[in-house]
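Q: Listed in order, the protein sequences are those of chains A and B.
Residue numbers for the first sequence follow my numbering, so the first one is 1 and each next one is one higher.
Residue numbers for the second sequence follow my numbering, so the first one is 1 and each next one is one higher.
Keep in mind the hints are simulated off the structure, nothing from the lab.
Values in this document were obtained by computation on a predicted structure and should not be read as measured data.
Possibly wrong hints are sitting among the right ones.
The list treats identical chains as one, so a pair stands whether inside a single copy or across any two.
Below, computed lysine to aspartate or glutamate pairings styled on DMTMM-like, alpha-carbon distance capped at 20 Å [to be verified]: (1) Lys285 - Glu258; (2) Lys120 - Asp306; (3) Lys285 - Asp24; (4) Lys295 - Glu109; (5) Lys120 - Glu69; (6) Lys149 - Asp45.
Protein chains: 2
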Amino acid sequence: MTENNRLTTLGEFGLIEYIQSQVDPSPFLRLGIGDDCSIQTVGSDEELLTSTDLLIEGVHFNLDWTNFEQLGRKSVAVNVSDIAAMGGTPRSLYLGLAFPATLSLEHLEQFLGGVLSKTKDYGAVLAGGDTCRSTGPLIISVTVQGAAKSGQAICRSGAQPGDLIYVSGTLGDSALVLHSLQNNEQPASELAERHHCPEARTELGRSLADQGLANAMIDISDGLVADLNHILKASDKGAVLSLEHIPLSATFQQACQEQSGLIDLALTWGEDYELLFTASPAAEKEIVLLSEKLKLSLSKIGSVNDGNGLNILQKDGALYQYRQAGFDHFASEAKE
Amino acid sequence: MTENNRLTTLGEFGLIEYIQSQVDPSPFLRLGIGDDCSIQTVGSDEELLTSTDLLIEGVHFNLDWTNFEQLGRKSVAVNVSDIAAMGGTPRSLYLGLAFPATLSLEHLEQFLGGVLSKTKDYGAVLAGGDTCRSTGPLIISVTVQGAAKSGQAICRSGAQPGDLIYVSGTLGDSALVLHSLQNNEQPASELAERHHCPEARTELGRSLADQGLANAMIDISDGLVADLNHILKASDKGAVLSLEHIPLSATFQQACQEQSGLIDLALTWGEDYELLFTASPAAEKEIVLLSEKLKLSLSKIGSVNDGNGLNILQKDGALYQYRQAGFDHFASEAKE
């Protein structure tokens with residue numbers, strides 16, 4: 001019996017039972033997988049946060065470059081990143097999965113293993129889903145729910161003139177890996193995970209919300225420039241960024257020296273899943289302390305103003321003109 | 001400029017703004033489309049209900065047989081039906097949409113028109129989503145959130161021995177339409193909507209929960225037999241159904257006279273989105289009153305017992321053996 005046949009024998013309901021058996025109980029989930037809906041409680045001092053993402057083979061990922069376990073973990077992380085970007089705590093995930101008949105039960109088990117372990121890492125549980133066969137590509141839909149103390153969630157619209165702009169970690173590493181893969185080069189091994197399995201910055205997001213340190217926040221999925229522009233548009237403000245302060249890993253800096261223009265990947269490509277936030281200068285000291293506590297760099301890269309544009313300045317004060325490498329699903333080709 | 005070009009010009013962010021402009025405010029939604037997450041309140045005496053569905057071209061629908069406005073409405077209705085099946089009130093929807101480049105802006109507008117009007121019909125709002133290009137089929141992912149008074153949601157697991165089994169409306173109409181389409185016949189026009197745009201029985205579900213009338217409930221998506229078996233398995237009970245009491249429309253009855261065996265479509269095909277529930281005999285009078293109030297037939301089709309199987313009896317008491325026409329996504333071919 002081939003593995004595909006084993007999956008066929010397992011059937012849709014058998015698959016649901018298999019997944020069900022892998023999930024731990026949660027204090028917030030009265031009823032999880034196996035009924036028409038999950039039943040969940042939300043604290044009376046809490047608000048519910050929800051976000052949904054689609055990941056499609058050939059558009060968002062390439063099965064030649066990623067393994068199924070990584071793909072499972074990435075599917076969770078990029079979705080949970082939206083909860084982090086509001087300063088919330090992830091609670092539950094819902095997985096829609098359309099699996100092509102060309103893939104095996106082993107692939108499915110690896111994928112689910114990645115999904116379940118990463119969901120657990122973030123303190124959440126798989127609470128529901130829908131499975132079917134795909135006649136085309138592998139299709140993954142993930143919806144995440146989380147909670148924030150009432151009124152504490154950090155929106156895109158709160159940036160104030162004079163706010164400093166911060167970003168966590170380093171930018172462009174995921175883009176650099178993909179750039180190598182697309183050029184049939186071996187990507188830098190120390191950066192590979194940044195692309196194949198990024199981390200959602202949940203602890204940072206929640207700490208910023210708890211301490212009331214950030215006025216506006218977003219996670220960098222579309223690229224620093226596009227995502228900062230989302231904040232500026234929602235807040236009706238402008239900003240100036242300092243090119244030399246954009247945080248880059250040692251490997252990325254090395255690559256920039258070998259090939260000019262690569263810096264634009266860090267500015268416009270996206271898929272970094274770092275948090276970009278604005279904060280009053282009065283919060284600077286606490287942000288430094290938080291950075292030390294979390295052992296995560298929080299770089300000051302610019303400031304918000306009353307204008308309506310985004311300018312990126314070089315060290316000598318000259319305006320930097322980047323080339324757009326960002327991604328608009330309806331205007332450009334697939335990333336991978 | 002072709003319509004495809006217009007959609008390309010609109011871009012992903014333009015599309016999101018277009019959708020945003022079509023959505024009315026909701027008292028439960030503090031922040032809707034346009035940030036990393038929606039922000040929602042859930043009453044302190046309420047529990048949150050959530051369900052997710054994937055609909056994929058070639059698996060769940062065929063664009064030769066449905067128009068985009070119907071498809072939009074159906075995508076909402078089949079998902080909201082899961083909230084109805086718990087006795088809840090739908091509040092918000094999240095739409096994941098991967099749109100093939102071969103489809104036009106007009107198609108997209110028709111689809112969104114259907115989604116938005118149906119969401120409004122059910123008293124809910126579109127609160128978030130994700131859009132991208134599909135390199136393969138049209139892919140629709142819908143997640144719905146609703147609320148039920150704490151402890152009132154009706155699960156699959158509550159069926160009691162002696163409970164009467166009820167089903168709303170008529171069964172098999174959707175299957176009959178599809179049967180005609182698959183055989184290149186003109187489907188009965190009075191049944192077409194049952195297939196292309198079924199109704200979620202939200203009022204019935206909520207009333208049963210409010211009045212505490214049902215012990216177990218499910219919506220019929222996989223077929224009467226499969227869905228009753230879900231209740232029986234979750235409740236660890238058995239049941240007997242009376243074949244002659246299965247509610248059939250006049251058109252379906254006529255078709256049964258012309259072609260023997262069609263009754264199995266009503267038993268095993270699914271996509272009826274009627275509610276199947278079990279209730280104590282003591283609730284019979286109130287259920288009759290509710291049926292009259294809602295102008296919706298509620299047929300008594302059998303009873304729950306302490307056994308562990310499901311038997312369907314003919315008028316003469318003989319066991320009826322049906323042929324399985326139901327749908328298991330991992331064990332059979334696509335319905336359409």
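Q: Hints first: check each against the structure and report whether it holds.
A: Verification of the hints:
no. : hint            : verdict
1   : Lys285 - Glu258 : neither (37 Å within a copy, 82 Å between copies)
2   : Lys120 - Asp306 : neither (42 Å within a copy, 38 Å between copies)
3   : Lys285 - Asp24  : neither (40 Å within a copy, 42 Å between copies)
4   : Lys295 - Glu109 : neither (34 Å within a copy, 48 Å between copies)
5   : Lys120 - Glu69  : within (14 Å within a copy, 39 Å between copies)
6   : Lys149 - Asp45  : both (6 Å within a copy, 17 Å between copies)
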